[in-house]
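A.B. asks: In case you want the letters, here they are:
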Amino acid sequence: MTTTSTTTRYAEAAIEAVPDLPIVSMTRDFKATPEQLMRAHTDPELFVRWIGPHSVTAHIEEWDCRTLGSYRYVAEHDGGTEAFRGTFPEVGENRIVQTFCWEGMPEAIALETMWFEDLGDGWTRLHAQSLCDSIEGRDGMLASGMEVGVHEGYAKLDALLAGPLDT
Amino acid sequence: MTDQLSRVFAALSDPTRRDMVARLTDGDASVGDLAAPYEVSLQAVSKHLKVLEDAGLVSRSREAQRRPVHLEAEVFDLMTTWIERYRQRAEERFRKLDAVLAQMNDQLNADQNEELQEGTAS
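Protein chains in written order, with our numbering: chain B, 924 to 1090; chain C, 73 to 194.
Worth double-checking, as some hints may not be accurate.
Said to hold, decoys possible - Below 25 Å or equal to it, Euclidean Cα-Cα: the simulated SDA-like pairs (lysine to any residue) are:
no. : chain 1 : residue 1 : chain 2 : residue 2
1   : C       : K122      : C       : E111
2   : C       : K168      : B       : W973
3   : C       : K168      : B       : Q1052
Note that these hints are calculated values from the structure, not bench results.
Remember, predicted model here, so these are calculated numbers, not experimental data.
Start from the sequences, fold in the hints, and give me the full structure.
C.D. replies: Below, the structure is given as structure tokens:
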């Protein structure tokens, strides 16, 4: 057994959003090696198979996942299409640093860092951190859901907020 | 309702207002209590409170003389819901990633078996 500080498994995604910081962090464990997770993130044919939720089909328009490379992909869903793009400041052995934006709001650029921690026994922990351009940008990202589109997200949130605030 | 949402976002985009909200999680407080730690006028604090009130984040009791400021916790419950929805969407993607990784493993095993068989055949 090579598992050290990892008695708990993140079988489901755990999320952390500190109210005062424009940061969202996520942790999730996978039955795979760090190399396999890197490939699933860097190989466009693999990446495109999992990047959207069920209702979304993604098409990669541009993909150069290397240090100083860039990318652009389009997500198709019932309500239309949304494009996302960014650059890769660093693609290392077990770490990917990328900028990310929704093209509807190209000035709100987030810096995303992902790294893969080898837990041993064929398990790897994915750590992902998004540093947004502002608290509002972070909230907007959380509220909208990048893949379903900001407007749809707002509509759903409006429905959520409608209850208690109207009373 | 989108306006309401924008107001919540805008209200929380200010560090002083976020600090006020954080302090109100401990319990209701008077405007004077809330203003104490800041080097700003009472009017400035009242202005911040007005923004929080308009966003539905806080309310002020009309009964008591000191009109304590009360945090409307339901709004934060909604935010928790909203973060949870974001998490669920991420989890949905990660389950698809699980499937992709499983296929990669299967492929690897199949390749290894093939190599093994080729090895014994020769």
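A.B. asks: Please flag the earlier hints that this structure goes against, numbers listed from lowest up.
C.D. replies: Failing hints: none at all.
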